[in-house]
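Visitor: Dock chain A against the given chain L, drawing on the hints supplied.
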Amino acid sequence: MLIRKVLAGTLAAGLMVASAACGGGGGGQSGDGKVTIRFAWWGSDQRAKITNEVVQLFMKKNPNIKVVTSTAIYDAYFQKLATETAGGNAPDVMQMSDRHLREYAERNAVLDLRPHVGKEIQTADLKPDVMGLGTLGDKLYGLPLGQTAVVMVYNPVLWKRAGANEPKLGWTWDDYFEAAKKISDKTGRKVYGASDFGGIESWFKVWLSQQGKGLYTADGALGYTEQDVLTWWEMATRFRKAGAATPGEITAVNPAGTPVPRKLSASEFQPDSTIAPNAWEAYDNPYALAPLPQVGADLGLYGEPPMLLSVSARTKQRAAALKLTDFVINDPEAAKILGMARGLPANMKNRALIAPTLTGAWKQVYEYEELVAGKLKPGPPAPPKGAGTLFTLFDKYYQDVMYDKATPADAAKRYFAEAQQTIAG
Amino acid sequence: MTRPSTLERARAAPSAAPPRTAYGERPGVAYLFLSPWVAGAVLLTVGPMLASLYLSFTDYDLFTAPSFVGLDNYARLFTTDPHFVNAVWATVKFVVLSVPAQLVAALAVALLLDRASRAQGLYRSAFYAPSLLGASVAVALVWRAMFSTEGAADRILSFFGVDTGGWVTDPDLALLMLVLLGIWQFGAPMVIFLAGLKQIPAELYDAASVDGAGWWRRFWSITVPMLSPVIFFNLVLDTIRAFQVFNAAFIVSNGTGGPGDSTLFYTLYLWQKGFVDFKMGYASAMAWVLLVGIALVTTFIFRSARSWVHYGGGER
Numbered sequence: 001m002l003i004r005k006v007l008a009g010t011l012a013a014g015l016m017v018a019s020a021a022c023g024g025g026g027g028g029q030s031g032d033g034k035v036t037i038r039f040a041w042w043g044s045d046q047r048a049k050i051t052n053e054v055v056q057l058f059m060k061k062n063p064n065i066k067v068v069t070s071t072a073i074y075d076a077y078f079q080k081l082a083t084e085t086a087g088g089n090a091p092d093v094m095q096m097s098d099r100h101l102r103e104y105a106e107r108n109a110v111l112d113l114r115p116h117v118g119k120e121i122q123t124a125d126l127k128p129d130v131m132g133l134g135t136l137g138d139k140l141y142g143l144p145l146g147q148t149a150v151v152m153v154y155n156p157v158l159w160k161r162a163g164a165n166e167p168k169l170g171w172t173w174d175d176y177f178e179a180a181k182k183i184s185d186k187t188g189r190k191v192y193g194a195s196d197f198g199g200i201e202s203w204f205k206v207w208l209s210q211q212g213k214g215l216y217t218a219d220g221a222l223g224y225t226e227q228d229v230l231t232w233w234e235m236a237t238r239f240r241k242a243g244a245a246t247p248g249e250i251t252a253v254n255p256a257g258t259p260v261p262r263k264l265s266a267s268e269f270q271p272d273s274t275i276a277p278n279a280w281e282a283y284d285n286p287y288a289l290a291p292l293p294q295v296g297a298d299l300g301l302y303g304e305p306p307m308l309l310s311v312s313a314r315t316k317q318r319a320a321a322l323k324l325t326d327f328v329i330n331d332p333e334a335a336k337i338l339g340m341a342r343g344l345p346a347n348m349k350n351r352a353l354i355a356p357t358l359t360g361a362w363k364q365v366y367e368y369e370e371l372v373a374g375k376l377k378p379g380p381p382a383p384p385k386g387a388g389t390l391f392t393l394f395d396k397y398y399q400d401v402m403y404d405k406a407t408p409a410d411a412a413k414r415y416f417a418e419a420q421q422t423i424a425g
Numbered sequence: 001m002t003r004p005s006t007l008e009r010a011r012a013a014p015s016a017a018p019p020r021t022a023y024g025e026r027p028g029v030a031y032l033f034l035s036p037w038v039a040g041a042v043l044l045t046v047g048p049m050l051a052s053l054y055l056s057f058t059d060y061d062l063f064t065a066p067s068f069v070g071l072d073n074y075a076r077l078f079t080t081d082p083h084f085v086n087a088v089w090a091t092v093k094f095v096v097l098s099v100p101a102q103l104v105a106a107l108a109v110a111l112l113l114d115r116a117s118r119a120q121g122l123y124r125s126a127f128y129a130p131s132l133l134g135a136s137v138a139v140a141l142v143w144r145a146m147f148s149t150e151g152a153a154d155r156i157l158s159f160f161g162v163d164t165g166g167w168v169t170d171p172d173l174a175l176l177m178l179v180l181l182g183i184w185q186f187g188a189p190m191v192i193f194l195a196g197l198k199q200i201p202a203e204l205y206d207a208a209s210v211d212g213a214g215w216w217r218r219f220w221s222i223t224v225p226m227l228s229p230v231i232f233f234n235l236v237l238d239t240i241r242a243f244q245v246f247n248a249a250f251i252v253s254n255g256t257g258g259p260g261d262s263t264l265f266y267t268l269y270l271w272q273k274g275f276v277d278f279k280m281g282y283a284s285a286m287a288w289v290l291l292v293g294i295a296l297v298t299t300f301i302f303r304s305a306r307s308w309v310h311y312g313g314g315e316r
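Those protein sequences? They're chains L and A, same order as listed. The first sequence maps to residues 1 to 425 in UniProt numbering. The second sequence maps to residues 1 to 316 in UniProt numbering.
The following block holds chain A by itself, in its conformation from the complex:
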């Protein structure tokens, strides 16, 4: 955490407050306030991360002392582990399918809610609810029941003449079912979109309407460009979140990533290696590969942002 800039401190300090020197002379107070956070970050985040970096170069089975094996874990991961490839593939499919679809759903609902004036709070909460519940075990269980053979989804589709059998047990559909569950949890980006929509000056729309622009034209020429920083923000967050998806796949497949390896998400496989096969060194190496992978993808998104994200005011 960097120390607040002079500008921010100046802004934060009300004009009638005691002279700034009162804080400037005793920076210790600031550190005292920061100390719980620093202690937490060092003990709970930085420490374990460094430990896992070290463990990724060892053979560690949780019970006996780790033994150093150099790059063995990484070499194995990339050369001899067939499930690693399957796990990366399943995760990439999930990210590519769920993130754009979720953002579109979130934006669509945000646009609808932005118009509604009455009971907006109620609808907003209603649409946000799945995101609160989404990560929970109960919803994944309900989802599994719904998409099992003879489950609700199966019966409804059969009624319309589409015979899918159970989605959970079908290697082609199991992943799709998890994608749907992911999309359904669009609450967080939706709320952020809604806030972003409120920031767009109404006069832009008024002016466009006067010029005869239709809804579609206003959407593409005003809403999307004006909202692009928010879209960017949501895209980055959602992508990172999607790469780390675990709960739903764990519960729906009973922790196996089945049928076959079709729902073996990266984090699920990582957990299997660490806690089922007792290969904690290997699992640590996987965690670092994931970290680097996410960092690369995020960097790519940031790079691409220059060409499509517009910040209003033109000062950047």
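Just chain L, same shape as in the assembly:
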């Protein structure tokens, strides 16, 4: 009697565990014949809102496909993606960064789209220059979600009030230093002239490019020397020590954003794809866009995709995932909604289509892209494995400099040693 009860109880418990396990599977075919896929990206609330509108349109046009979306900020996105991918539960369609592409592609976590080109995926209208980043050898692991260049966002009113020279194409880092210092002095360091740029590898990449170098060589080694890192960090330190750029506690990661949106700095660099159409609403006056200061004659900017769109290699709904991917990249109606939320559309027909409709800050971005268009270099190929780690390490070591815990020379030495080791595997 007792044994029978125990057995029944154990069985029941076992069944519950089993059914709970099934419930966790998710995705795939649901009862009403609908196919469910997941789509994830990183970015601002603005980008999330716009992308969700596109997804709604997609679901309206494809009533048998349900798309579940999720979004996060960059760091958290890749932390989550790694865990999900390891657990065999990656989103079916995912926004991918070039820094992480190899990690996922070489481990067969994302799908080679090449066999689908010309069939489910159309690439005929995509700008060839921006296709390279998602290409590894003869395989295509990510489609360009747009085209972006780095830009300097600045407050022209503070600039004028301090009597600083307006930034323009061809200005130098020394010009930037003078202007930023004037602004900091004028505001009594309530608003700094510049946000400290030393820790961000993306700006270092532009500065290297201005001198004909790159972050990585074609065969995936580091494209710069310890001396380059040192020179860059010494320049940033010169800005910071003079009060031209923000001090450590302001530059440090803050939930409220970088120093410019917190109105503690008058200028900072950004990929122009991160600028929202109503970007200046939160400020006292509209801000302006300018090209980055230069070392020599080379502007150093790349015209490259801000991010890629990849499909999970383990998706159970490949057809639906490919359909959504093609829709986001190529559909003209989707392009109208997306606007410049991920930079200029990579699809040139769509780019021509939306150009006349742009307003506000997006119009400024478009004009900026026109201004620098002739000077842009095509983006370098996807960087080697470990690039995502180096991006984080670069900032981490610069923090030691930023807080005066280490000299630029000491930090550059330690960073470079670890960078080499990381790239070597």
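These are computed hints drawn from the structure, not numbers from a lab. Please note that the accuracy of each hint is not assured.
Which residues of chain A face chain L? A few of them, derived with a C-beta cut under 8 Å, are [claimed, not checked]: (1) 61; (2) 80; (3) 148; (4) 171; (5) 258.
Stretches of chain L that chain A covers, calculated by requiring three or more beta carbons in the stretch to come under 8 Å of a beta carbon on chain A [what the hints assert, rightly or not]: (6) 75–81; (7) 100–111; (8) 243–252; (9) 400–408.
A quick note: this is a predicted structure, and the numbers were derived from the prediction, not measured. For every residue, glycine included, the Cβ atom is placed at its ideal position computed from N, Cα and C.
Guide: Quick look at chain A alone, frame taken from chain L:
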């Protein structure tokens, strides 16, 4: 799990129960009852542990099959990884600062509550609440907001003329902030202390008072020695818990362990290696080093206990 001793079984069996042979002849029933636990332990604890021991000798990136590399991971950990040293240092600082302070806070509150007769339950719950919430994401978020630049703590301190800026973004203060968060979660040891205090015979205090001992003297000569087994218990548990601290540092630093490596706790770095850098073999090696480290520290505490822990009755 060892089988219960004869003595325990004898105690557990009520005198009017069926003769002991009823169980003795069918040990299968005992195993049947144990089976869910055994299955859980083997599948969810022992199995993964052995797997991680194996993985610690491999290069494993989560997606492709692990390849055996011998002691490479361990060698790297101890020779070429600067963050490993930083992580150990940050963790040791956290343990050394937070564990004693937390125990003192727990004991102090327990002493206060032990006196209060009215509404003791209410206060006990109130002081225990942070421990329930402490490990949660929400509290870490609140903590981060409080100690950010222009956060509540910053403003209050500025009001008193102490200008700290944000603690979260200051490499010297970020760790201290996490220590404070750790101390604040003193509920569990506090409740255990409270139970321990109730066990101390009141006549000891009465006798001491008659002899003219003051509060302080009674505390040092009666409370502390009588409570020492409980202090020992709390010390061991808290130390082990502190070595494994993760949530708070993860949330406050957005998973970076920043600023610099100042809040890069061991488990946080382990997670970064495993799930951000895809070096699961390396992360497994780190986990085993942590296990051995905690075992060594615990052994040391146990050894030292002989000289300061007093068990009442003198039978041990």
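Visitor: Broken hints, numbered, in rising order?
Guide: As far as the earlier hints go, not one is violated by this structure.
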